[in-house]
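Peer 1: Given next are the chains, with one letter for each unit.
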Amino acid sequence: MKKRRKKLTGKDNDVKHNVGAFPGELHYSGDVTGNDIKITLIQFNETEYTEEVFYDVKSMHAAEKPDLIKWINVEGIHRVDLIEEMGKIYGIHPLTQEDIVHVDSRPKFEEYSRYVVAILQMLYFESSVQSEHLGIVLFTDTVISFQEPRGGDAFDIVRNRLRECKGRVRKMGPDYLAYVLIDAVVDHYFFVIEKIGEKIEHLDDEILTNPGKSVMVEIHELKREVLLARKLIWPAREMVMNMMRSETDLISETHTIYLRDVHDHINRVTDTIEQYRETLNSIMEVHLSNNANKMNEVMKALTVISAIFIPVTFIAGVYGMNFENMPELKSPYGYWITIGIMLTIMIGMGFYFKRKRWW
Amino acid sequence: MKKRRKKLTGKDNDVKHNVGAFPGELHYSGDVTGNDIKITLIQFNETEYTEEVFYDVKSMHAAEKPDLIKWINVEGIHRVDLIEEMGKIYGIHPLTQEDIVHVDSRPKFEEYSRYVVAILQMLYFESSVQSEHLGIVLFTDTVISFQEPRGGDAFDIVRNRLRECKGRVRKMGPDYLAYVLIDAVVDHYFFVIEKIGEKIEHLDDEILTNPGKSVMVEIHELKREVLLARKLIWPAREMVMNMMRSETDLISETHTIYLRDVHDHINRVTDTIEQYRETLNSIMEVHLSNNANKMNEVMKALTVISAIFIPVTFIAGVYGMNFENMPELKSPYGYWITIGIMLTIMIGMGFYFKRKRWW
Amino acid sequence: MKKRRKKLTGKDNDVKHNVGAFPGELHYSGDVTGNDIKITLIQFNETEYTEEVFYDVKSMHAAEKPDLIKWINVEGIHRVDLIEEMGKIYGIHPLTQEDIVHVDSRPKFEEYSRYVVAILQMLYFESSVQSEHLGIVLFTDTVISFQEPRGGDAFDIVRNRLRECKGRVRKMGPDYLAYVLIDAVVDHYFFVIEKIGEKIEHLDDEILTNPGKSVMVEIHELKREVLLARKLIWPAREMVMNMMRSETDLISETHTIYLRDVHDHINRVTDTIEQYRETLNSIMEVHLSNNANKMNEVMKALTVISAIFIPVTFIAGVYGMNFENMPELKSPYGYWITIGIMLTIMIGMGFYFKRKRWW
Amino acid sequence: MKKRRKKLTGKDNDVKHNVGAFPGELHYSGDVTGNDIKITLIQFNETEYTEEVFYDVKSMHAAEKPDLIKWINVEGIHRVDLIEEMGKIYGIHPLTQEDIVHVDSRPKFEEYSRYVVAILQMLYFESSVQSEHLGIVLFTDTVISFQEPRGGDAFDIVRNRLRECKGRVRKMGPDYLAYVLIDAVVDHYFFVIEKIGEKIEHLDDEILTNPGKSVMVEIHELKREVLLARKLIWPAREMVMNMMRSETDLISETHTIYLRDVHDHINRVTDTIEQYRETLNSIMEVHLSNNANKMNEVMKALTVISAIFIPVTFIAGVYGMNFENMPELKSPYGYWITIGIMLTIMIGMGFYFKRKRWW
Amino acid sequence: MKKRRKKLTGKDNDVKHNVGAFPGELHYSGDVTGNDIKITLIQFNETEYTEEVFYDVKSMHAAEKPDLIKWINVEGIHRVDLIEEMGKIYGIHPLTQEDIVHVDSRPKFEEYSRYVVAILQMLYFESSVQSEHLGIVLFTDTVISFQEPRGGDAFDIVRNRLRECKGRVRKMGPDYLAYVLIDAVVDHYFFVIEKIGEKIEHLDDEILTNPGKSVMVEIHELKREVLLARKLIWPAREMVMNMMRSETDLISETHTIYLRDVHDHINRVTDTIEQYRETLNSIMEVHLSNNANKMNEVMKALTVISAIFIPVTFIAGVYGMNFENMPELKSPYGYWITIGIMLTIMIGMGFYFKRKRWW
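Residue numbers (this note's numbering), protein chains in the order written: chain X, 42 to 400; chain P, 42 to 400; chain S, 42 to 400; chain Y, 42 to 400; chain L, 42 to 400.
Hint data in this document are derived by calculation from the structure and do not stem from the laboratory. Even for Gly, the Cβ is constructed at its ideal location relative to N, Cα and C. Please note that a few of the clues may not be correct.
Just some of the chain Y residues that point at chain L, by a computed CB distance under 10 angstroms [to be verified]:
(1) 104
(2) 232
(3) 312
(4) 342
(5) 371
All chains should be built: construct the whole structure from the sequences, respecting the hints.
Peer 2: Structure representation (structure tokens):
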């Protein structure tokens, strides 16, 4: 039930935040508690690479080296004080801070004078579609990514590549790094719709072979998953589009083609989501129709039985009457003739119904 | 019933107003009566803060101080004469006055030479979606907000902040104040859809566990709420969009990012409303299908009983006939054989139906 | 039937006109016959006001005074010769003339070198949605409105205001007068959707309390009304939008805000129409579901009766058999035991079905 | 079946053409055979008018007079060689030639350096919606219209007007003539939707009074007609829109208002088609609901009969048992009391069911 | 099952690629295995034509002649190393390489400094809609087309034309060749929808004459085909649109009309797909309604039989009771009167039901 409540009505603190909060004041709206945070500072250029973990902002900030590209990954957007401290040091606008800590923020891209920020949702699939809030802030030589504490595995691949110096990412600027992070998130979207797709396939096979009783509920659950995925992914498309069209100097012109690529990927995901929605509707129609057909078959068969026996039972009833003067009863062949008539009627009706394909 | 009538056909005076009124002539179209009004004049800058309540326009106007930012909150748009008086003093265009007193006006943003005006609907949820009309007029150094008399609590939080000098609002211009008021209204939208979302969740749980008889009616009522909320919120999005794009000098360029934020919030609300609409449809389909299935189960079980007993009842009828010449009747084992045949038929049919999963 | 035929296939002469007519040739396509026409010439400025009725164009034209604003209301677009005469005198383009006399023209706004013209549909509600064709031609100092002869009451309010010199209309130019006329028409749209809304409300109450047999037909009729209203009102929105955006000198820049207001009104009407469409669908779903439920209840109850009595009837049948050797029959308590078994079976089944909520 | 196959899968040669043909190579894709062609050359100005019929291109071309406006109507797009010859003489681009002979081309307007071309579909209604392919090519002083051979009657009215020198068409340029031809085609669209509208009206009356068994099939057929009409007419709208916006010198600025008029006509047709689609859906819903209701009534009545007689039949069965010791049987009033109980039960159930409105 | 899984969840390696791959790193995502590749180098100008087959890139590249237009057809996008080699030699951007080898890429058109690339899907129909990935890269004097190895027949026609020097293709530049290749692909779309159309026609005939049990499943399968075709074709439209609007020098201005033509073709395909979708829905509605009607007929007939016999069976039961004092039993005509009453009841009910059209 919890899982479902989350989907429709957002995380718990949501209401309080929205109503009680003043614009620009920070209230974490997710459901993570505790004070654990972890700040990973990765500094690199084509030749150097260092990776350090800190548990407070100041010491991390002190460790930054001027000539390297810096990627600061902050796990712990539930610690509002931390975000505010980061905000002060790096000059992040309070509205941006709000978007970062508010886990239900809509994906968006915004330009500020000193930085640009992309807010988006990481999706993963654990029996249902789950989302995790992400904020990626891009400065001239620094990328800061903000995550919920449990997160992080989506970026592992990026980290590995940086370490191993594979790919172009070490050679290119922080905007390319930001793109790589967004690309990693969008790649996960495929994962999620793939999972939903498999479930739909499974359902599709099931309704044709051996539909269980809960098919409608499963369709309903899958529809909810699809609706949720659509709601979360759809604005990401707009976000990337705005990023592409942005005229900021922070994203170099030549890297726009990479964003175009991400945009195409999201388009493919949303195309697929639409296809799934319609497929689910079609599956539901088949299922309902199959159900109705099966029911009809049963009812027809059963009713045919009644229809065949009721008339002959009536005849039996007639000759079971106790009138004194019933000449047929005395006829020595009366019984056999009656039985014969009954069988004739039954067989006749059976044939008639058969010919009319009533069973 | 009253509640519902309101939703579909607007407040009572609506028709009369629309048909009988001449453009630019004021007729209050809400359902508040009485003459009670209340004008709150709040004047502040970064250091000063005064808050006074007046019950007529002139004395309020006399109390204004030139160097402070003024927020005039007028509770009482049902007193048309009051609005006209305000209009004359502050130079508010008759069409704007009309939009302010006409409680069914569509949310909109309009620019006039001396001011800009935002008309919108405050939503709250008291067993159903209720709306309250609001007008916010922004001058160079003054913000006038017009409300229905029962209203006001949505702005309490703003007032508290001003008093306590929390947040940025005391340091910034009247355009920021106007933004804060609009933001407070939009925050309430989340409240309302949250409530609807909870009801939908409740319904969703209910149909899977213990659906009552009135589920369809509840779905219908929720659909109406969702449709109403959509109708009221949708144009607000356009309103904020127009406000963002406006080139008026009254809204400083640097504050546009705040409006962008409000716009994102409304987008999130409308995304959620669409999700709710589809979820309600899906819930309805599950409910109808469950209903049909349950009915089918019952009918099948009952019909199977008939089908099993009717043939054997016929046999009993046959041997209940009173023919004189029925040799079986005289056989000492006739009865037991017949009983045996009957049981065989019944058990056979029972197995057959079982195997065919007819019950 | 007549009423309905009108809605879907247009007025009777429609086809003949469309196919046989040549562009720019006038054929009245409405269903008014007779030769009665009435031309009302109202001339006014801020101080003067004259109102004269004429029955031919020439004498009317002769009565025009150069310095006054002139409003010529022509009732009688069925008299094509009249429109042609007007066209020659005032320089109205043949295509405009055609739009004026063709009662099924789509609402539109068009600019010509010497005038602008607004074609629209007046709606009223007499047991169903009815429309009346209107053309408003605006010259530098003259407004000509063309109506079908039965029309006119929508403009009475405007006439009264002019006479009584109330409102701004006497002080302002002919473009304001044209706006006031269009506003009067759009105000009537609210009237019509209000009526439809009341009918929908009525239906909504009815289906929950005491649905009649004709509910589906009523829903169907209301859907037709809503579809018709939508078809007629929708293009009016575009018309006003074009009028707003027009760069003609005939409409002064400062009056555009009035058109913006009309545009908002039409938007509100179309929002409401969409809401009605969806509400009707929802009502229909509730109604169909209620119907099915009620039917299911009945069938279940009736079938339960059969299911309870059929097995015990079989037992009775068994002991009604006439075998000579049926030991139970001779037992002194056989009858009572049998009755007991029967009652046990019946009560047992009754309880079982009850527990399973089958009735 | 043939008729229908045409609708969904295009004319027979379609596939072969599409797959086998190379761009710019001509293959007639319609189903007309034979070699009959007919070229009508009409030359006119305000004072002169000549009309000649030719059966080959060269002699026709030789008969052209330089100072007159020329309208060449070619009946016979199935003769690809003819079109190629025309193309060479008049400088028509191969792609245009292809669009002309390919009878399933989408309506479109294209500008070439020396001419503009409008491709559209003439619709007529012969028990179902039929289409005929048309191409209208406009040069500086010549209009060439290409038709399938059976066609032509749509243009008769234009020809008559030219002959009789009625209307403006003789006084104006070839662009006006082209407009008049397109207008004649669009006027026919009204004809077709009028016919469909009548059929829908008929169906609507029928379902309320005396629905036949084939109502669903008729609705289905009408939906197909409406879908086909929409598919054919919709792109024509875009075509006229492109024509209006075209900046070609061949269409004089002052004639754009005529195209605007045609555009409005098509808009009206498409509005009506949408209305029809929704009306058909509504009719279907009413029909299905009526059907279900009627069925329900029957089933209820029949089941009530069973429910009333089954319990009393059971009682009769009890007293038909042959137990030796059944004291009631010996009671002199037993029979009458039993009959009384039976009647009481039957009447009681009858009343109960009646009160519950079960029949 | 395999076939279906492919449709919804993409080819097998898809997930791995998406999640594990880094942007710009190549992983073939199709299901072709083996190392077979085939590179066809066609070089031509208006007078010359050579065609050679190679099995490695270098020898092919060495065979290129500077003055001819070159068409390199690479069959074997599963060999990532090959694509990388081609990329190095011809300067193809890694993202383009990725789009080429990733067989589920969305159709798109992209401009790079040295070339433009069109990614699209070839469709063919082998019992279901199948797709094949294609990439067409256009340089100043070279066209490179990348295919999956099994492909190729779609381009046969182009090759034949080049060989036979038919059509314009030999005389025009490489951009025309690229257009011709795209046109060949789009022509195949007609093929596919034609096939689907035929199946829909077949189904449409079938449901009216002799619907099988699997009609719903067939409708479902066809819907899936239509959805898949739509998903694959829809973005191709955008692709061609982008190609038309592109301002690259590689596509000469005068060839844009050819792309306009392709665009029209795709539009026609998508129009038809929409028509199919709605037709399938309509067919389904007819089918479901027919099914329900047939069932209703059967149930009514069977229930009428019960309703007629149950009352008379009751009467028989009454006179089968064994009360000692039942005067009717002794009446000599009692039996005949009873039989008469029974027949009267049965015939009466029969007539009554007949008149009410219950059977």
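Peer 1: Taking 10 angstroms as the limit, does the beta-carbon of residue 371(Y) come near enough to a beta-carbon in chain L?
Peer 2: Nearest chain L Cβ about 6 angstroms off; hint holds.
Peer 1: Min Cβ distance, residue 342(Y) to chain L: is it shorter than 10 angstroms?
Peer 2: OK, holds: residue 342(Y) within 10 angstroms of chain L, min 8 angstroms.
Peer 1: Verify the interface restraint on residue 232(Y): the C-beta must sit less than 10 angstroms from at least one C-beta of chain L.
Peer 2: 22 angstroms, violated
Peer 1: Does the closest beta carbon of chain L sit nearer than 10 angstroms to the beta carbon of residue 312(Y)?
Peer 2: Violated: closest Cβ of chain L sits about 18 angstroms from residue 312(Y), beyond 10 angstroms.
Peer 1: Once the shortest beta carbon distance from residue 104(Y) to chain L is found, is it less than 10 angstroms?
Peer 2: 32 angstroms, violated
The structure fails hints 1, 2 and 3 (numbered hints given earlier, in ascending order).
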